[in-house]
Amino acid sequence: MEPKIDVLATLEAKARKTTIEELQQRGRRQLKVIRASEITGMIQESIRKTLEASELLPREQVDELVDRASAEFEELKEARIKEQHRAREMESKLRAVEKDLDEAQRELERAQQECEALRRQGGAGASQAGMGDGGASAAVMMKMMEELMTLKAQVQQGAQGAPASTAGSGGEMNGLEAQLSKIAGALDEKLDRFGKKMGLSSAVDTAQVDFSKLADRALEESSKLESNVDDVEIEKRKGAGIMGNLDKIRKMRGGG
Amino acid sequence: MDQERTEAQDTDFETGMENASGSATSTSKLLGRGLDIGTANIAAAVQTEEGGIEVAVERNAFLDIKADVYSKNMLTKLKVPYVVHNGNLVVLGQSAFELANIFSRETRRPMSDGLISPSDVDALPMIQLIIEKVLGEPAERGENCYFSVPAESIDADNNVVYHQGLFEGLLKKMGYTAKPMNEAHALVFAELADQDFTGIGLSFGGGMVNACVSYKTIPALQFSVARGGDWIDKNVAQVLGIKASKATALKEGGMDIRDPKTREEEAVSIYFRNLIHYLMENIQVRFQSGQDMPTFPDPIDIVCSGGTSLIGGFIEVFQDEFEKLDFPIPIRRIFRAEEALNSVAKGCLVAAAIGE
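As you go down the protein sequences, you meet chains A and B in turn.
With this note's numbering applied, the first sequence covers 1 to 256.
With this note's numbering applied, the second sequence covers 1 to 356.
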């Protein structure tokens, strides 16, 4: 009778790959080697013998039982293979996102260097031009922010798309999810830092704090006080005029 | 009732403005005012008809004494400014400082560490009275008034927004178009015209030291440290067991920090050196961090101002401390503003007159 359970595939699925160097590092000098097909044969033979020797079941029922077990095993195996595929897909997605992130970070560094160079040029050039450079660098930063936000959205999508963990692969999938969440978190922090640097924030704050009521109160309070302040002369010092300063500023701004 | 009173006051105010405006037109005086709201002093600058400027200064302090008829008559006769507040006589300004020294008491300060004091409930009406006194009414409604504000501190968590908003509100109520200006930036406007407003301004105030790196009028870097003259006074007072007002008087009594003559002067000198070193070290770190640091094609000037910079030997000690650092910008000259107490107000006046 042909084996109903694909023990070989199962063994391969369960097996872990390692290297000789790794085993040497762990102190293994010699290994006993057995073919997977031999293990398969041994397992199948021992199951059949056990069931027949028990004489609890007639031969037909033993075959039926073996068939059922084989089918169940096949299902589990299929599920396991699918999970492995998904895990590999997730890994490749993660690698792609990490690559994109590295690329974005490199671009950001380049942009920051450009900004710095522009600022320095601005320092050597006219002040008005410097203001223009500031505007350009802000645009570059905005673009970088947008790119980072897109990346973050991709990472989060990846994390949400990860399949629910099963008994067999839970640890592995959880690890992937944790890695994706970590990247998303790191992106969050980065975005926040860039935002703050640029005076942006994820919080919506359009209301300006109005302190005029406090000023009113102080004025009202002081106007009620009995005082001789108006009758007292205050110290006044004469100083050099500011016409030179004003002329200079006007000249620098091209106003003659 | 309160509403009626406010409306009545507004009407009086409007009338006052019309009169002031009329007189301003007849003398063709240039408009704009500069106001330096410092922890230790409040100074207001205005242009004179002769082309110079006039700076009105008052110490930003007050002292409450027991109210009785005798004291009140005496203060009135001596022309000492006071207000009656909560049953007490509150002496304002320089007179408060002098009385505090005579009676070995501490003055109350409307501001601490460069900002309006959150712990003194009487701070706001008192400082408002002092500002009204030094600034006066606007020559015409909506006259520009640039007022000094500190930069965010790198070593303290302070609320500059509240401070700025409050004074903006007060000045608007007085009839001005109020605009804030960083005090070290104002210093550059006042003192570095011959350098095309390029250089470093350091304003050594009572509550903090403000720094501004400017390139052709544009501020490239602004920050403050939350230590100033008051920090020196407090520490000297602590180590010598005296009142802080006494330490202030000692500091302002004409000593030279390069050559202290007594134990007290020695303490003042130690803390001055420490303050200068602390500031320069922080400036260096800030520059070396690389962010926001401009590059200058030529060596630039460092200008110092503020009451704390007036002590004898200040610039020499500053230069000593500066030479100990590997400063990342080539410096041409370090000097103190000729009118160190007026500079910030003068710089604010320049900005107000140019209307930027």
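Since the hints were made in silico from the structure, they are not lab data.
Hints may be right or wrong, so weigh each one.
In silico BS3-like cross-links for lysine-lysine, where the CA-CA straight-line distance does not exceed 30 Å [to be verified]:
1. K14/A - K32/A
2. K324/B - K213/A
3. K324/B - K224/A
4. K82/A - K93/A
5. K324/B - K236/A
6. K251/A - K246/B
7. K77/A - K93/A
8. K238/A - K224/A
9. K49/A - K77/A
10. K324/B - K238/A
11. K216/B - K66/B
12. K236/A - K224/A
13. K77/A - K32/A
14. K224/A - K246/B
15. K216/B - K238/A
16. K238/A - K173/B
17. K216/B - K261/B
18. K216/B - K224/A
19. K246/B - K248/A
Label pairs and their computed distance ranges (CB to CB) [unchecked claim]:
20. M74/B - D230/A: 50 to 56 Å
21. D230/A - N274/B: 38 to 44 Å
22. Y162/B - Q113/A: 35 to 41 Å
23. T48/B - E220/A: 44 to 50 Å
24. E220/A - V69/B: 44 to 50 Å
25. Q25/A - D155/B: 38 to 44 Å
26. R273/B - K224/A: 28 to 34 Å
27. Q25/A - R273/B: 28 to 34 Å
28. V69/B - S223/A: 55 to 61 Å
29. E109/A - A156/B: 50 to 56 Å
Predicted, not measured: the structure shown is a model, and the values here were computed from it.
Don't be surprised by glycine CBs; every beta carbon is placed ideally from N, CA and C.
Hints, one by one, checked against the model:
1. K14/A - K32/A: Holds: K14/A and K32/A sit about 19 Å apart, inside 30 Å.
2. K324/B - K213/A: With a Cα-Cα distance of about 50 Å, the restraint between K324/B and K213/A is violated, given a limit of 30 Å.
3. K324/B - K224/A: Not satisfied, since the Cα-Cα distance of roughly 55 Å exceeds 30 Å.
4. K82/A - K93/A: holds, 16 Å
5. K324/B - K236/A: violated, 40 Å
6. K251/A - K246/B: violated, 48 Å
7. K77/A - K93/A: With a Cα-Cα distance of about 24 Å, the restraint between K77/A and K93/A holds, given a limit of 30 Å.
8. K238/A - K224/A: violated, 33 Å
9. K49/A - K77/A: Holds - the C-alpha atoms of K77/A and K49/A are around 24 Å apart, at most 30 Å.
10. K324/B - K238/A: violated, 38 Å
11. K216/B - K66/B: The hint is violated at about 53 Å.
12. K236/A - K224/A: OK: K236/A and K224/A at ~27 Å, within 30 Å.
13. K77/A - K32/A: The given pair, whose Cα atoms are some 27 Å apart, holds under the 30 Å limit.
14. K224/A - K246/B: The hint is violated at about 33 Å.
15. K216/B - K238/A: Roughly 27 Å separates the two Cα atoms, so the pair holds.
16. K238/A - K173/B: holds, 28 Å
17. K216/B - K261/B: Violated, because 43 Å separates the two Cα atoms, which is more than 30 Å.
18. K216/B - K224/A: violated, 46 Å
19. K246/B - K248/A: violated, 43 Å
20. M74/B - D230/A: 50 to 56 Å: violated, 19 Å
21. D230/A - N274/B: 38 to 44 Å: holds, 43 Å
22. Y162/B - Q113/A: 35 to 41 Å: holds, 38 Å
23. T48/B - E220/A: 44 to 50 Å: violated, 33 Å
24. E220/A - V69/B: 44 to 50 Å: violated, 28 Å
25. Q25/A - D155/B: 38 to 44 Å: Violated - the Cβ-Cβ distance for Q25/A and D155/B, about 51 Å, lies outside 38 to 44 Å.
26. R273/B - K224/A: 28 to 34 Å: violated, 47 Å
27. Q25/A - R273/B: 28 to 34 Å: 60 Å Cβ-Cβ, so the 28 to 34 Å window is violated.
28. V69/B - S223/A: 55 to 61 Å: violated, 24 Å
29. E109/A - A156/B: 50 to 56 Å: Between E109/A and A156/B, where Cβ atoms are some 32 Å apart, the hint is violated.
Of the hints listed earlier, those the structure fails to meet are numbers 2, 3, 5, 6, 8, 10, 11, 14, 17, 18, 19, 20, 23, 24, 25, 26, 27, 28, 29, in rising order.
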